[in-house]
Structure formats: C-alpha cells, structure tokens
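2 protein chains.
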Amino acid sequence: MQKFFQPRSVVIVGASNSLFNLGFTIVNVLVDQQFNGKVFSVNSKGEFVMGCPGFKSILEIPEAVDLAIILIAVRHVPGVMEQCGKKGIKNVIIESAGFAENGDSGMALQHELDAVARCYGIRYMGPNCFGVVSARNRFCCFFGGDPRNYDRIFQEPGTLSYVVQSGGIGAFLMESLDSDVASVNKVVSIGNKADVDEADLIDYFQHDETEVIGMYLENFRNGRKLIASAKKSKKPIMVFKVGRTAEGSKAAMSHTAGMANDDKIFEYACRQAGIIRLKSIKELHSLPKVFTTMPVLKGKRIAIFTNTGAFGGITADIMIEEGLQMAQLANGTQQRLRKAGQLFNASNPVDLGPGISKQAIVDIFEILLSASEVDGLISMPNIWHESIFEAVIELVKMCRIYQKPAAIHIPNSVERIISVRKHYRLPLFESPEEAVRALSVSYQYYKYSMKKNILSGFDSKQKKLTDKQDKVAIIA
Amino acid sequence: MQKFFQPRSVVIVGASNSLFNLGFTIVNVLVDQQFNGKVFSVNSKGEFVMGCPGFKSILEIPEAVDLAIILIAVRHVPGVMEQCGKKGIKNVIIESAGFAENGDSGMALQHELDAVARCYGIRYMGPNCFGVVSARNRFCCFFGGDPRNYDRIFQEPGTLSYVVQSGGIGAFLMESLDSDVASVNKVVSIGNKADVDEADLIDYFQHDETEVIGMYLENFRNGRKLIASAKKSKKPIMVFKVGRTAEGSKAAMSHTAGMANDDKIFEYACRQAGIIRLKSIKELHSLPKVFTTMPVLKGKRIAIFTNTGAFGGITADIMIEEGLQMAQLANGTQQRLRKAGQLFNASNPVDLGPGISKQAIVDIFEILLSASEVDGLISMPNIWHESIFEAVIELVKMCRIYQKPAAIHIPNSVERIISVRKHYRLPLFESPEEAVRALSVSYQYYKYSMKKNILSGFDSKQKKLTDKQDKVAIIA
Numbered sequence: 001m002q003k004f005f006q007p008r009s010v011v012i013v014g015a016s017n018s019l020f021n022l023g024f025t026i027v028n029v030l031v032d033q034q035f036n037g038k039v040f041s042v043n044s045k046g047e048f049v050m051g052c053p054g055f056k057s058i059l060e061i062p063e064a065v066d067l068a069i070i071l072i073a074v075r076h077v078p079g080v081m082e083q084c085g086k087k088g089i090k091n092v093i094i095e096s097a098g099f100a101e102n103g104d105s106g107m108a109l110q111h112e113l114d115a116v117a118r119c120y121g122i123r124y125m126g127p128n129c130f131g132v133v134s135a136r137n138r139f140c141c142f143f144g145g146d147p148r149n150y151d152r153i154f155q156e157p158g159t160l161s162y163v164v165q166s167g168g169i170g171a172f173l174m175e176s177l178d179s180d181v182a183s184v185n186k187v188v189s190i191g192n193k194a195d196v197d198e199a200d201l202i203d204y205f206q207h208d209e210t211e212v213i214g215m216y217l218e219n220f221r222n223g224r225k226l227i228a229s230a231k232k233s234k235k236p237i238m239v240f241k242v243g244r245t246a247e248g249s250k251a252a253m254s255h256t257a258g259m260a261n262d263d264k265i266f267e268y269a270c271r272q273a274g275i276i277r278l279k280s281i282k283e284l285h286s287l288p289k290v291f292t293t294m295p296v297l298k299g300k301r302i303a304i305f306t307n308t309g310a311f312g313g314i315t316a317d318i319m320i321e322e323g324l325q326m327a328q329l330a331n332g333t334q335q336r337l338r339k340a341g342q343l344f345n346a347s348n349p350v351d352l353g354p355g356i357s358k359q360a361i362v363d364i365f366e367i368l369l370s371a372s373e374v375d376g377l378i379s380m381p382n383i384w385h386e387s388i389f390e391a392v393i394e395l396v397k398m399c400r401i402y403q404k405p406a407a408i409h410i411p412n413s414v415e416r417i418i419s420v421r422k423h424y425r426l427p428l429f430e431s432p433e434e435a436v437r438a439l440s441v442s443y444q445y446y447k448y449s450m451k452k453n454i455l456s457g458f459d460s461k462q463k464k465l466t467d468k469q470d471k472v473a474i475i476a
Numbered sequence: 477m478q479k480f481f482q483p484r485s486v487v488i489v490g491a492s493n494s495l496f497n498l499g500f501t502i503v504n505v506l507v508d509q510q511f512n513g514k515v516f517s518v519n520s521k522g523e524f525v526m527g528c529p530g531f532k533s534i535l536e537i538p539e540a541v542d543l544a545i546i547l548i549a550v551r552h553v554p555g556v557m558e559q560c561g562k563k564g565i566k567n568v569i570i571e572s573a574g575f576a577e578n579g580d581s582g583m584a585l586q587h588e589l590d591a592v593a594r595c596y597g598i599r600y601m602g603p604n605c606f607g608v609v610s611a612r613n614r615f616c617c618f619f620g621g622d623p624r625n626y627d628r629i630f631q632e633p634g635t636l637s638y639v640v641q642s643g644g645i646g647a648f649l650m651e652s653l654d655s656d657v658a659s660v661n662k663v664v665s666i667g668n669k670a671d672v673d674e675a676d677l678i679d680y681f682q683h684d685e686t687e688v689i690g691m692y693l694e695n696f697r698n699g700r701k702l703i704a705s706a707k708k709s710k711k712p713i714m715v716f717k718v719g720r721t722a723e724g725s726k727a728a729m730s731h732t733a734g735m736a737n738d739d740k741i742f743e744y745a746c747r748q749a750g751i752i753r754l755k756s757i758k759e760l761h762s763l764p765k766v767f768t769t770m771p772v773l774k775g776k777r778i779a780i781f782t783n784t785g786a787f788g789g790i791t792a793d794i795m796i797e798e799g800l801q802m803a804q805l806a807n808g809t810q811q812r813l814r815k816a817g818q819l820f821n822a823s824n825p826v827d828l829g830p831g832i833s834k835q836a837i838v839d840i841f842e843i844l845l846s847a848s849e850v851d852g853l854i855s856m857p858n859i860w861h862e863s864i865f866e867a868v869i870e871l872v873k874m875c876r877i878y879q880k881p882a883a884i885h886i887p888n889s890v891e892r893i894i895s896v897r898k899h900y901r902l903p904l905f906e907s908p909e910e911a912v913r914a915l916s917v918s919y920q921y922y923k924y925s926m927k928k929n930i931l932s933g934f935d936s937k938q939k940k941l942t943d944k945q946d947k948v949a950i951i952a
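Residue numbers (this note's numbering), protein chains in the order written: chain C, 1 to 476; chain Y, 477 to 952.
No lab work stands behind these hints: they were computed from the structure. A few of these clues could be false.
Unchecked claim - Here are some of the chain Y residues that sit facing chain C, going by a computed Cβ distance under 10 Å:
| hint | residue |
| --- | --- |
| 1 | Ala647 |
| 2 | Leu653 |
| 3 | Asp656 |
| 4 | Phe716 |
| 5 | Ala722 |
| 6 | Gly724 |
| 7 | Ala728 |
| 8 | Asn783 |
| 9 | Gly785 |
| 10 | Phe787 |
| 11 | Ala792 |
| 12 | Phe820 |
| 13 | Pro825 |
| 14 | Pro887 |
What the hints assert, rightly or not - Interface residues of chain Y toward chain C, partial, derived using beta-carbon atoms under 8 Å:
| hint | residue |
| --- | --- |
| 15 | Asp654 |
| 16 | Val718 |
| 17 | Thr784 |
| 18 | Met802 |
| 19 | Ser907 |
Said to hold, decoys possible - For lysine-lysine, the following DSSO-like pairs were computed, each having C-alpha atoms within a straight-line distance of at most 27 Å:
| hint | chain 1 | residue 1 | chain 2 | residue 2 |
| --- | --- | --- | --- | --- |
| 20 | Y | Lys726 | C | Lys339 |
| 21 | C | Lys264 | Y | Lys755 |
| 22 | C | Lys279 | Y | Lys776 |
| 23 | Y | Lys928 | Y | Lys740 |
| 24 | Y | Lys726 | C | Lys300 |
| 25 | Y | Lys755 | C | Lys300 |
| 26 | Y | Lys707 | Y | Lys928 |
| 27 | Y | Lys776 | Y | Lys755 |
| 28 | C | Lys298 | C | Lys279 |
| 29 | Y | Lys774 | Y | Lys710 |
| 30 | Y | Lys923 | Y | Lys740 |
| 31 | Y | Lys774 | Y | Lys928 |
| 32 | C | Lys250 | C | Lys279 |
| 33 | Y | Lys563 | Y | Lys479 |
| 34 | Y | Lys708 | Y | Lys755 |
| 35 | C | Lys279 | C | Lys235 |
| 36 | Y | Lys710 | Y | Lys776 |
| 37 | Y | Lys776 | Y | Lys711 |
| 38 | Y | Lys740 | Y | Lys711 |
| 39 | C | Lys300 | C | Lys451 |
| 40 | C | Lys452 | C | Lys298 |
Quantities reported herein were computed from a predicted structural model and do not represent experimental measurements. Beta carbons: idealized from backbone N, C-alpha and C, even for Gly.
Same shape as in the complex, but just chain C (with noise of 0.2 Å):
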C-alpha cells in the first residue's frame, strides 16, 4: 500500500499538453507543489508534460516505476493495466469513469480489470476515482484542481485521514479544514472501490501520522471486512453514510456503482466495530478536532459556562438528547464559583453574567474542570474580548493538565468563529449542537475502547489514550 502514497516514480497515462487534458492537470501540481519523486507521463505523442518525461507507452519507460495513474478513455484502460502488469508496476489507481457506475458494458470492463489485476498482482484504487492526497510528501493524484488549491494542506499536514468514495467530497473536505485548526493527512478518493476498499485502508492508516480516520460511504459491499479492520483499529474511525433511504441510496448508485444496501445493517456493522456514525457531511470535518486538540470524554456528567443565559438552556436541551448529563455541581463547588466571580447562576449551567475578567473565567474553568463530578466542559462564552480569548486558550491547556475535553462555542455569526479560530487557533465549534456532538462523539469512542479493553487490561488503555492525546500540540 505504501506506494500509493509515497511512489519514487509515477507515471500518469493521458497526460498531455491538449486543453482541457486532465492528466495534465495532475502533472501540474506535482510539479507546481515540488513533488519528490519522479513523474513521467504517457500520451499518444509520447511528448513531455510541464518538463516532466514523455513516452508513447508504458513499456517505453526506461526505469522502473511505483506507481500508474491512469485517465484515459474507458475502453483503454484494460490494455494500459496489461501493460502496468508487464512492466511490473504493482500500484495502479484508476480516475476513468464509465465502468460499473455505467451499467452493464462498464460491469464487464471492470471485471476485466479484476482478471488483469489478478494475474499480474496489482492492487488497484477506483475505477472512476481521484485517488490519493498525501500531505506530508506533497504527493497528490486529484485531477482538475488549482495547485494553490494544496499550499495550506502541504504547509501544514495533519492528522485526519479521509476515505472518500467522491473526488468532490474531498476536494470539500480539505476546502472546509482550511478554516480549522485539524488539518490533512491523507486522503484516499476510492470511487467504485473494486479492488481497494476502506477496509484496506483503515488497516493502513494504523501504521502512519493518521489520529483520526473519517470515512465518506456510498455503499459498503464487505461488511464482514469491515468489521474485522475496524474492530482492530486504534484510532477513532467516524462515518458519513449516503444512502439512509431508498431515494438516497438510488442516487448514490449512479454515481459509484454501489448496490442498496440496507441502512440497519450499516448501522448493526458499526455498532459491533465501534465505528462512530454521523448526522451530516459536516461533522466529517467539523468533529475530528475534539479528538486532536483534546482528551477524551471518560465520563457523561458536564458542565456548561456561559455568559449568556440563554445558551446555557439551549445546550442543556441539546446534550440531553444527545444522551450526556447535566453535572450536579456540589456545594464545595458551588462556593468556589461564587469566590471566584459575580455569578448569576452557580449551579449548572454556570453563568458569568455580563462582567467579564480573564481571570474570573480562567478560575471557573479550572474549579470545573477539577471538580470530580464533572467529566467535560461546554463552554460558550458569548463576548468578542481579548480577555475572553486569553481565557479560552488557558482553558486549551488546563484540558490536558486535568485530563478532561471542553468543547468552545462562541455563540455569534458563523462568520467571526472562523475568523477568530485561524488567528488564535482555537478549537472551536460553530454551533451549540456541533459542540455537544464532539462531546458525545468522544465519549462513545471512549465507551468503545473500555468495552474491547476487558480483554487487554483497562488501566494500560486509558493510559495510552491520554498519552496519544498528549503529544498533540494545540497552541502553536
């Protein structure tokens, strides 16, 4: 697998320098973004692409090669894979459409693939996929997008790994990162996945930078796989699953060639792997960051700081239903607030009321996040001041020091968070809802990895657990 992510050579077949060539498109951030390895290309001229060497055929090329991108019209591509096979190319990604996606003629061109592949040994991504992401060698196969598109993702690589059955969702994924303080690892467009599949790759990503796996589904055809990889899996895997209705899974069918599935069945597959399922697209990017930036959840009894009375109802609501708990704060507690600031509310939710001191609101948090009968913190303090800022990015660190996750919301336009968040690089979320759901999200996996440690020892687990979350740097 490894040379799907980091190949010394790879060669795009239907590179050329026609207009609108999409392999060129490939060939140009390669270059553009100073890729390390070498890039060849293969069209009907044999002609370079962007400097980069060009040749008629495959077999034409004078060295060994790691890696075959092919784009090129669909009935080619067996041939070409004939000729990866002959030359001893043993990683080929696909980006073609047309095979099962297509119908019945598209089915046959696919098995095809799987007898070439089959004979000579190759692992294959797609057909009709984007193929590979890989940030930390500034490798990547998405055709069609602008190279600029890749400067923050290649700057600053990360830790989520994506496997994506959509190029665009990709392209989607890593836009919306931009504005976040998680960032990229790898990401893996699987289109029809007729070789390849999130299985291999949840396998994969246990042995690399990768801390949080998210996975976007169209369809799944190995559920007992599947299975197997996550439940082996160390690292949080989350999905977002098309296909919750007839309609939904109608639609996705055209797309990549999945079968309908039932969703019961999805849904019975993860509960048994502990994979952690999602309500929107959203949560794909927006989640990921309360298991980088924070500890886990290891408890369900929360605390909720606000300045705005309001928020602190209509998180209580939310977490309610969410299936975490409002923390009975004790009295001790509750007289330790009221030292601390001019409180309206000392019980929870905990209300500062309009008075704000960095101090203050750095000593609330610390009396929560100490106290043993709270397990996490909401905290949604609702004032655009420095002092507020100064206080958040304390309570950042006190997370790791009391081993306990808050999740930030700052209830105002969408717009100012994002802001706010790239200048200070906070953790923040963009909602009441987006918050409470990192809580639950980090709790469940929390919940998941006890349950498989009555087998291996819970104390050397939970240990583990922190001592993953602790190597993540949050303030830079």
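Add chain Y to chain C, keeping to what the hints say.
Structure of chain Y alone, referenced to chain C:
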C-alpha cells in the same frame, strides 16, 4: 402598542454619566444613531446625558412622555412605575432584573408592578428584558451594545420581526443576519413577560412591515392566548423553544422565571396554530429568507440540481427524512434536459458533471421549474465560478416567474458561502440540511394556510400568498 416602537419622546430612568452606567449606553445609541424623537434622562443628580435633558424625577419633565425605560436597582422600580402613572405615561419598558427569576421576594416586587400597571392603565414590557429595536425609525433601547452594531440594521431595515425572551438571543440574531440577505424590522426582548407577551406582539406585527415573525421562547404561560393570536396571523410564525427536556427547562427557569412546561403541550399548541417549530437556534435567522426571497412551496415534489454526484445522494436522504419527495421527472423533461447540456444523470438528482456553461445551467433551471411534475428546486452547484453565480441570479428571477421556490446551497466552506451571499445578494443556505429545511418549512406554512383557507376560499388565498412574495425585491 405603537408607542413602544415609535415613541415621540422617551425617558431613560437610570441613565447618568457614571462609569459603566447601563442607561448611558442606551442614550448613546439613540444619539449616535440619530433617533428622531426626544430623549430625556432621569438620574440622582438630574444631569444631562450626551446633551439630552436630565431630571431628578420623571415628574419634573416639563412635557408629555410617550415611553419610559427603567434601568435602576430593582427595589426602586415599583416606585418609579407609580411616578410613570402619575405623569400619564402609558408605555413602560422595565429592563432591571431581580424579579420573578430571583425567587419569592422578586416575585412579590413583580406583583407590585402588576398592581401599579393595572391602577394606571400602563402596558409594560419585561421586567428583566432589553426592550425594543425598531429599524425603520432608528429606535433602540437595548443596553450595553456598541452603537456601530446598529449601523447596518438601521441602514437596511428588513421584514423579519422577532420576539425573544433573551436580549442575548436578540443580539445574536441581529449579528448573524448581518451577513445574510434578509434583515430585521423589529426585535423585542420581553424577558419575564409579566404583561406584554408573544401573543400581543403577533397581533401587533400583523399591521406593520413584518413579513415573517420569529420567536425565541423559554416558557409559555397563556397557551390559549398564543394559539388565538397565531391562528389569526396572516404571516408565518417560526419558533425556537428552550425546555424540550427537564434540564433545559430548569436552566431556562433561572433565566426568565418561567414554569416547567410540558413540551408536548407546546408542540400541540404549535400544530393547532400553524406555528413552525424550529430545530435549532440557528434556523431562527437562517430560514426566514425562504419566505422573504422565494414563492411558497405548493407541493412536495422536489428536483435536485448538482454537479457533484455525492451531494445529490446526500440531499435525497435529507429530503426524504424531512418528508419531502424526489420529483419523478417525465421522459419529456429528461429529454429536454439532455439537450440542454452534457449530463451525467438526467433523472433526479440532475447531475451536470464538470462542464460549466451559464446557459446550460440556466436552461436546466428553467426546464425543471417549468415541469408540471416539479414543485420546487434544490440547487447545489459545486463550483466557484462567475458563470455559476450569474446562473443562480437568473434562477432567483425565474422562481418568481414560475411561482416555485428554489433553495440554493454551494457545498464549500461556510466562509465562502457567506462572502458570496453578501456580495451577490443571493439567498444561499449554509448546508444541504438547511436548504432542505427551508423548503420543508415553506411547505408546512403553505399547507396550514390552505387548511385555514378551506373556509375563506382557496383561490384568493393562493393569490394573496404569491402577491406578497412578488413584492419582495431580491436582487438589488
């Protein structure tokens, strides 16, 4: 009620030049924003505030006063209320807190207010509220805000009117709408709503520029009054209520002194009265634009347009879960679509694929809107391109011609959506979920209107609805 919103003269009791004086902040906004009525202040020194005449008592003011705003220590409030009565002031806004939300002694003070009000025939808002923002006449008695916050609201008065049981939520809504195409007419913070309540305001909003009524409620006291007013409303009413759970209800009680209500009773009241119940606080500012910029949805059958296959399936799932239907496109419609552009998929969801041409997209929009089997459109073009925006601008115009609504979303980062929405004045929604919900609430309102109309004539009502929508100028 009119004097609460358009007073010719107003006195702020408690406004002085002391540091951190909250009454001062009200005078500051009125003066800075050039409110065109007279402004007086009452404080212990009788001093002028920002050039506005000051007195030691209301009774010293040498002319008639339409409205008194009281923001002083809670124990003095009933006495000042008595003075209002003697002075002949019939409208009072009590912003001071410490009444029923503060336990028994506060409750006793609140009863005193009632007695004085009854004795002198005073209508009052609050206590424990922020009062009124009225954009058209630049009137605002919210305290604590920066006058510049009101610049855009007063410069571009809109047609959304809100009733909120939290000044913080009022500020949140105004700020969130700052980057949207719909804007505020009036915002009323009613706090403990001891006298003036949401039902009174629904009645009042029937006779001004309001097109959509939004409500944030923490409790409801007089269900029958609310149902009666809502049933008479000729304008859609949307509500977000806290207290769906016991914990949320408890948190709200400490805020605005409600009673624990059974959420099922409230749900029943909403169904009876055609009140649209919202699922998140965000919907309170994001959904009303479907009414102010689009014709109402008159059937369930929705066509989806996309050029990223994944979002077709994602949206289909959400639509079905929201109770809408995928339109079954007739063969003739599909043939016309195939002539308009090179489609990946001509059945619903319609997938244009990567080729972009403004004319092709406009043609597809027109074919879908004109098809008798389509009641409304969800448009989700996934490309940031001038020709896309031009096509979407045409779409908004066509919706008025065909009297069918479109909910438009562009599946990229929210940041970009917001920047484009402002710049092009497009009614863009921020997620597929939001777009679907917009059509869903539109249809919900239509159905209820039709039901009521069985009594008063189906056709005239339909005409009226469309006339109302037609008046709205969408593209500047």
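We went through each hint and held it up to the structure:
At its closest, the beta carbon of alanine 647 of chain Y sits 8 Å from a beta carbon of chain C; the interface hint therefore holds under the 10 Å criterion. At its closest, the beta carbon of leucine 653 of chain Y sits 8 Å from a beta carbon of chain C; the interface hint therefore holds under the 10 Å criterion. Because the smallest distance between the Cβ of aspartate 656 of chain Y and any Cβ of chain C comes to about 9 Å, under 10 Å, the interface hint for this residue holds. Hint status for phenylalanine 716 of chain Y relative to chain C: holds, with the closest Cβ pair at about 8 Å, below 10 Å.
Hint on alanine 722 of chain Y holds. Least Cβ distance to chain C is approximately 8 Å, under the 10 Å limit. Nearest Cβ of chain C to the Cβ of glycine 724 of chain Y: about 3 Å, under the 10 Å cut. The hint holds. Annotation: interface hint on alanine 728 of chain Y holds; nearest CB of chain C at approximately 4 Å, less than 10 Å. Interface hint at asparagine 783 of chain Y: satisfied, since its Cβ lies 8 Å from the closest Cβ of chain C, which is below the 10 Å cut-off.
At about 4 Å, the closest approach between the beta carbon of glycine 785 of chain Y and any beta carbon in chain C falls short of 10 Å, and the interface hint on this residue holds. The criterion of a C-beta within 10 Å of any C-beta in chain C is met by phenylalanine 787 of chain Y, whose closest approach is roughly 7 Å, and the hint holds. This hint holds: alanine 792 of chain Y has a C-beta 4 Å from the nearest C-beta of chain C, less than the 10 Å allowed. Among the interface hints, the one on phenylalanine 820 of chain Y holds; its C-beta lies about 8 Å from the nearest C-beta in chain C, closer than the 10 Å criterion.
For proline 825 of chain Y, the interface hint holds, the least distance from its beta-carbon to any beta-carbon of chain C being 5 Å, beneath 10 Å. Evaluation of the proline 887 of chain Y hint against chain C yields a held restraint, the C-beta minimum of about 6 Å falling below 10 Å. Checking aspartate 654 of chain Y against chain C: minimum C-beta separation of about 6 Å stays under 8 Å; hint holds. Look at valine 718 of chain Y: its Cβ gets to within about 4 Å of chain C, closer than 8 Å, so that hint holds up.
The restraint placing threonine 784 of chain Y at the interface with chain C holds, with a minimum CB-CB distance near 4 Å, inside the 8 Å limit. Because the closest C-beta pair between methionine 802 of chain Y and chain C is about 5 Å apart, less than 8 Å, the hint holds. A distance limit of 8 Å between C-beta atoms decides the matter here; for serine 907 of chain Y the minimum to chain C is near 6 Å, and the interface restraint holds. This hinted pair checks out: lysine 726 of chain Y and lysine 339 of chain C have alpha carbons roughly 23 Å apart, not beyond 27 Å.
Of the pairs offered as hints, the one joining lysine 264 of chain C and lysine 755 of chain Y holds, with about 25 Å between alpha carbons and a cut-off of 27 Å not exceeded. The straight-line distance between the Cα atoms of lysine 279 of chain C and lysine 776 of chain Y is roughly 23 Å, inside the 27 Å bound, and the hint therefore holds. Distance hint between lysine 928 of chain Y and lysine 740 of chain Y is fulfilled; the C-alpha atoms sit about 23 Å from each other, no more than 27 Å. Taking the CA atoms of lysine 726 of chain Y and lysine 300 of chain C, the gap is near 19 Å; set against the 27 Å cutoff, the hint holds.
With a C-alpha separation of about 23 Å, the suggested pairing of lysine 755 of chain Y with lysine 300 of chain C holds against the 27 Å cut-off. As the CA atoms of lysine 707 of chain Y and lysine 928 of chain Y are separated by approximately 9 Å, the hinted pair is consistent with the 27 Å bound. Between lysine 776 of chain Y and lysine 755 of chain Y the alpha-carbon distance is near 20 Å, which keeps this suggested pair within the 27 Å criterion. As the CA atoms of lysine 298 of chain C and lysine 279 of chain C are separated by approximately 22 Å, the hinted pair is consistent with the 27 Å bound.
Our distance criterion of 27 Å between C-alpha atoms is met by lysine 774 of chain Y and lysine 710 of chain Y, whose separation comes to about 17 Å. For the given pair, lysine 923 of chain Y sits about 22 Å from lysine 740 of chain Y by alpha-carbon distance, which is consistent with the 27 Å threshold. A C-alpha spacing of about 15 Å is found between lysine 774 of chain Y and lysine 928 of chain Y, which places the hinted pair at or below 27 Å, so the restraint holds. The suggested pairing of lysine 250 of chain C with lysine 279 of chain C holds, with an alpha-carbon distance near 19 Å, which does not exceed 27 Å.
Proximity of lysine 563 of chain Y to lysine 479 of chain Y is assessed by CA-CA distance (about 15 Å); at most 27 Å being required, the pair is judged to hold. Of the pairs offered as hints, the one joining lysine 708 of chain Y and lysine 755 of chain Y holds, with about 24 Å between alpha carbons and a cut-off of 27 Å not exceeded. Proposed proximity of lysine 279 of chain C and lysine 235 of chain C is supported: the alpha carbons are some 20 Å apart, at most 27 Å. Among the hinted pairs, lysine 710 of chain Y with lysine 776 of chain Y is consistent with the structure: their alpha-carbon atoms are about 22 Å apart, no more than 27 Å.
At roughly 21 Å between alpha-carbon atoms, lysine 776 of chain Y and lysine 711 of chain Y fall within 27 Å of each other, so this suggested pair holds. Taking the CA atoms of lysine 740 of chain Y and lysine 711 of chain Y, the gap is near 24 Å; set against the 27 Å cutoff, the hint holds. Between the alpha carbons of lysine 300 of chain C and lysine 451 of chain C the distance comes to roughly 16 Å, so the proposed pair stays at or under 27 Å and holds. Pair hint lysine 452 of chain C plus lysine 298 of chain C holds up; C-alpha atoms about 15 Å apart against a cutoff of 27 Å.
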